[in-house]
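Q: Now for the letters of each chain:
Number of protein chains: 2
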Amino acid sequence: MRVQVPDSFVKSRKAVCLLSGGLDSSTCLALARREFHCYALSFDYGQRHRVELEAAARVAHALGAKEHRMVKIDLRAFGASALTADELAVPKHRSAEEMAEGIPITYVPARNTIFLAYALSWAEVLESSDIFIGVNAIDYSGYPDCRPEFIAAFEHTANLATKAAVEGRTRIKIHTPLIALRKAGIVKLAAELGLDFTLTHSCYDPSPDGRPCGQCDSCLLRKKGFAEAGVRDPLPYCS
Amino acid sequence: MRVQVPDSFVKSRKAVCLLSGGLDSSTCLALARREFHCYALSFDYGQRHRVELEAAARVAHALGAKEHRMVKIDLRAFGASALTADELAVPKHRSAEEMAEGIPITYVPARNTIFLAYALSWAEVLESSDIFIGVNAIDYSGYPDCRPEFIAAFEHTANLATKAAVEGRTRIKIHTPLIALRKAGIVKLAAELGLDFTLTHSCYDPSPDGRPCGQCDSCLLRKKGFAEAGVRDPLPYCS
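Just so you know, the sequences run in chain order H and A.
When we follow my numbering, the leftmost residue of the first sequence carries the number 1, and every step to the right adds one.
When we follow my numbering, the leftmost residue of the second sequence carries the number 1, and every step to the right adds one.
Be careful, since some hints might not be right.
Heads up, the list lumps identical chains together, so a pair's fine if it works in one copy or across two of them.
Derived DSSO-like pairs (lysine-lysine); straight-line CA-CA distance at most 30 Å [what the hints assert, rightly or not]:
hint: 1; residue 1: K173; residue 2: K66
hint: 2; residue 1: K72; residue 2: K163
hint: 3; residue 1: K72; residue 2: K188
hint: 4; residue 1: K163; residue 2: K92
hint: 5; residue 1: K224; residue 2: K163
hint: 6; residue 1: K224; residue 2: K14
hint: 7; residue 1: K163; residue 2: K223
hint: 8; residue 1: K92; residue 2: K224
hint: 9; residue 1: K72; residue 2: K173
hint: 10; residue 1: K223; residue 2: K14
hint: 11; residue 1: K188; residue 2: K224
hint: 12; residue 1: K92; residue 2: K188
hint: 13; residue 1: K66; residue 2: K92
hint: 14; residue 1: K163; residue 2: K173
hint: 15; residue 1: K224; residue 2: K66
Keep in mind that the hints were calculated from the coordinates and are not lab data.
Since the model is a prediction, treat every value here as computed from it, not as a measurement.
Take these sequences, add in the hints, and give me the full structure.
A: Below is the structure:
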């Protein structure tokens, strides 16, 4: 006889899940929800592609997040990145070699440090000790704050930063389940988890009607990942 | 013969200085400006005492900061602290022993982690490798993110987080010149540096006309510091 255990009993722990609405963070949330009550956290940091924020809201709802908070932050105040500064163009049609060379202009200064700091703040309020972030150090476009050594250092800092950690009531864990996966591996995992790919959004430079350009680094990495995984990407690319 | 060296020649380096407008961060800025071009950074995080933000602007101007940025952040979204939540009362008339017991309700979750993350972001844009924060681990009211081990961990994280650090062009240094000083020592240092104490603001719960209450933890610590230093505090306390 198989006993039906109510969902609320199995998942007694809470996790804060950083969610951009892209493929990686959505897959990360789909994984986290198997073990945790998830509190999805997104940032409105003056992205040119507000389509991303709508995708985050759709994904959080579809994956049953307990709450979804959208925090407005002011990275634009500090300056230059193609993702936040209107005057810079998003690079297109770059090869894997070009993407791997140095750090792209789509880099946002100290972004993951800021995102994780906010996640830590919410985790403390929720009395949660688990934070999920969908970083990926393989097909990672050269962002320094996606690497395992950065995550480990932040986790150490977090355990010195909070009341609960100082009082020995908890130990903060930064979960990075995708960190060692290639994009194709993430696509396969997401497919296994039953993620609805039409909800996600990856493009750095979508068309006015919200369709992905198909030519920026993020679109190219995504397309390559789906192709290598042998999974059909249902998104309506412009090209 | 004494050669007059222009200020702009001596101070070629930039530093980001976290500035609340309180005694500690103002003293910290007064120290930093002797060696650096200072970029003062303050946060509007839904403080009940907006007087603090006005003090920060006055101090930044008076101490010749190159720029003063006020970043609006959304800590109120996450929850409870007497400094941000309207329904909680600021504790008054507490003894040093009571203040030392545990972490006060005026604690804001992960505040210094968030502040330093923003400072790091701005430092990267400015191509600065120096950040000043006026934390103090002695008379520190029990905040975990004011301790030297927290600062050291954040500095390590910062050096793994940024493009410039990864490319070996810089090494981020978090300066905490007040960390080992008692409040009386900070008052003496500030007096030596010629800080105009009337510009600063320390109270957690000022009167409607902006006068310090004289009874909250912060006022009590400040008064005690001035008394022990033998320096007159010019602020018009309510009591």
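Q: The structure should be examined with respect to each hint, and the outcome stated for every one.
A: Now the hints, each set against the structure:
no.	hint	in the structure
1	K173 to K66	within (20 Å within a copy, 39 Å between copies)
2	K72 to K163	both (25 Å within a copy, 24 Å between copies)
3	K72 to K188	neither (32 Å within a copy, 40 Å between copies)
4	K163 to K92	between (46 Å within a copy, 22 Å between copies)
5	K224 to K163	between (44 Å within a copy, 26 Å between copies)
6	K224 to K14	neither (34 Å within a copy, 43 Å between copies)
7	K163 to K223	between (44 Å within a copy, 27 Å between copies)
8	K92 to K224	within (15 Å within a copy, 62 Å between copies)
9	K72 to K173	both (25 Å within a copy, 28 Å between copies)
10	K223 to K14	neither (33 Å within a copy, 43 Å between copies)
11	K188 to K224	within (13 Å within a copy, 63 Å between copies)
12	K92 to K188	within (26 Å within a copy, 58 Å between copies)
13	K66 to K92	neither (37 Å within a copy, 37 Å between copies)
14	K163 to K173	both (15 Å within a copy, 25 Å between copies)
15	K224 to K66	neither (33 Å within a copy, 47 Å between copies)
Hints 3, 6, 10, 13, 15 from the earlier list are contradicted by this structure; the remaining hints agree with it.
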